[in-house]
Amino acid sequence: MSSALEAAHRSHARSLWALCYRMTGVAADAEELVQDTFVRALEAKPNEDEPLAGYLFRVATRLSIDRLRRRQTEGYKGPWLPSPVPDDALEFQQAPASARYEVLESASFAFLLALEALSPEQRAAVVLGDVFDLSAKEVGACLGLEEANVRQLQHRARKALERYDTERIKCDDETRERTRAAMEGFFFSLATGDVEGAKKWLADDVQVLSDGAGVFHAAMVPIHGPDRTTLFFSRLMQLREVLTSDVKRVNGTWAVDATFALKLEKDPPRGVTCVQLDAAGKIAVIYSIVAPAKLTAPTP
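Counting from 1 along the sequence shown, just add 3 to a position and that's the residue number in my numbering.
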């Protein structure tokens, strides 16, 4: 790698990873796409008239769009969830304070899942413009579009994100602590056999999303309602022998990271579970990730 690219890697690799992760929602994909971006730069020898950072962001954006298109055609077994990533790996250099979505919110499960409803180009326009705070002209340079086309993409994408924006919960310390209390209260109640107590932590329309990617046992469809939610996790607690359990910060919230004894062929060795509260402070969504590809990827 040339000295210029080595310097660019030191300066921009973390921001490129942050971009690719928010584009794809998968840490392993983000790592691979960043590597591919620098390979392209090494092979193509970018035009010296174009700033190297701009070239790298353009290539990373287009590679991410290609990856999203391929994923959409491949399909997925069961609910798709993002990779859980430690909070400290989600920061990126020169994160803009003026952006529409701040750093940790832009990597939250709720936001990343909302982005899944967008086209790959709309997603890029939102991530580049509303997370990285690039101008329409800069976004257009990454996408190969005129400013007017970028603004149209962003308008349509923001329209599609209106429900998320209306229901979004602040990603601050107070919310995180309330979320941790609700998560721990729910699972402690279940562990002690207090099913009715566990239900008190849940919203009436609570849902469970469980991502096993068809590799390990997981619910293949969303689970709805307090009764089914408590029944589902009560049975899991009976079936799975927990070896280790730790509460840690991922994607702007708290999560339980547990390892399990392997009893059956499709039993997962590890799972990460986190929750999302509604405006009333009740658990609205429980995310459970046991898919191995989502739990083993390196982070920057």
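Please keep in mind that the hints were generated in silico from the structure rather than gathered at the bench.
Every residue gets a Cβ at the ideal spot worked out from N, C-alpha and C, and that includes glycine.
Among the hints, erroneous ones may be present.
Stated by the list, open to error - Label pairs and their computed distance ranges (CB to CB):
#1 283 <-> 159: 28 to 34 Å
#2 224 <-> 47: 26 to 32 Å
#3 176 <-> 217: 32 to 38 Å
#4 102 <-> 283: 37 to 43 Å
#5 191 <-> 47: 27 to 33 Å
#6 198 <-> 165: 16 to 22 Å
#7 103 <-> 267: 44 to 50 Å
#8 101 <-> 242: 46 to 52 Å
#9 151 <-> 272: 48 to 54 Å
#10 151 <-> 248: 33 to 39 Å
#11 217 <-> 244: 31 to 37 Å
#12 238 <-> 102: 15 to 21 Å
#13 194 <-> 102: 36 to 42 Å
To be verified - For lysine-lysine, the following BS3-like pairs were computed, each having C-alpha atoms within a straight-line distance of at most 27 Å:
#14 266 <-> 203
#15 202 <-> 140
#16 285 <-> 140
#17 173 <-> 269
#18 203 <-> 162
#19 202 <-> 251
#20 251 <-> 266
#21 203 <-> 80
#22 285 <-> 269
#23 251 <-> 269
#24 162 <-> 173
#25 202 <-> 173
#26 203 <-> 173
#27 203 <-> 251
#28 173 <-> 80
Here is what the structure says about each hint:
no.: 1; hint: 283 <-> 159: 28 to 34 Å; in the structure: holds (31 Å)
no.: 2; hint: 224 <-> 47: 26 to 32 Å; in the structure: violated (44 Å)
no.: 3; hint: 176 <-> 217: 32 to 38 Å; in the structure: holds (37 Å)
no.: 4; hint: 102 <-> 283: 37 to 43 Å; in the structure: violated (28 Å)
no.: 5; hint: 191 <-> 47: 27 to 33 Å; in the structure: violated (55 Å)
no.: 6; hint: 198 <-> 165: 16 to 22 Å; in the structure: violated (37 Å)
no.: 7; hint: 103 <-> 267: 44 to 50 Å; in the structure: holds (46 Å)
no.: 8; hint: 101 <-> 242: 46 to 52 Å; in the structure: holds (48 Å)
no.: 9; hint: 151 <-> 272: 48 to 54 Å; in the structure: holds (51 Å)
no.: 10; hint: 151 <-> 248: 33 to 39 Å; in the structure: violated (52 Å)
no.: 11; hint: 217 <-> 244: 31 to 37 Å; in the structure: violated (23 Å)
no.: 12; hint: 238 <-> 102: 15 to 21 Å; in the structure: violated (42 Å)
no.: 13; hint: 194 <-> 102: 36 to 42 Å; in the structure: holds (40 Å)
no.: 14; hint: 266 <-> 203; in the structure: violated (32 Å)
no.: 15; hint: 202 <-> 140; in the structure: violated (50 Å)
no.: 16; hint: 285 <-> 140; in the structure: violated (42 Å)
no.: 17; hint: 173 <-> 269; in the structure: violated (37 Å)
no.: 18; hint: 203 <-> 162; in the structure: violated (34 Å)
no.: 19; hint: 202 <-> 251; in the structure: holds (24 Å)
no.: 20; hint: 251 <-> 266; in the structure: holds (26 Å)
no.: 21; hint: 203 <-> 80; in the structure: violated (31 Å)
no.: 22; hint: 285 <-> 269; in the structure: violated (32 Å)
no.: 23; hint: 251 <-> 269; in the structure: holds (25 Å)
no.: 24; hint: 162 <-> 173; in the structure: holds (20 Å)
no.: 25; hint: 202 <-> 173; in the structure: holds (24 Å)
no.: 26; hint: 203 <-> 173; in the structure: holds (22 Å)
no.: 27; hint: 203 <-> 251; in the structure: holds (24 Å)
no.: 28; hint: 173 <-> 80; in the structure: violated (31 Å)
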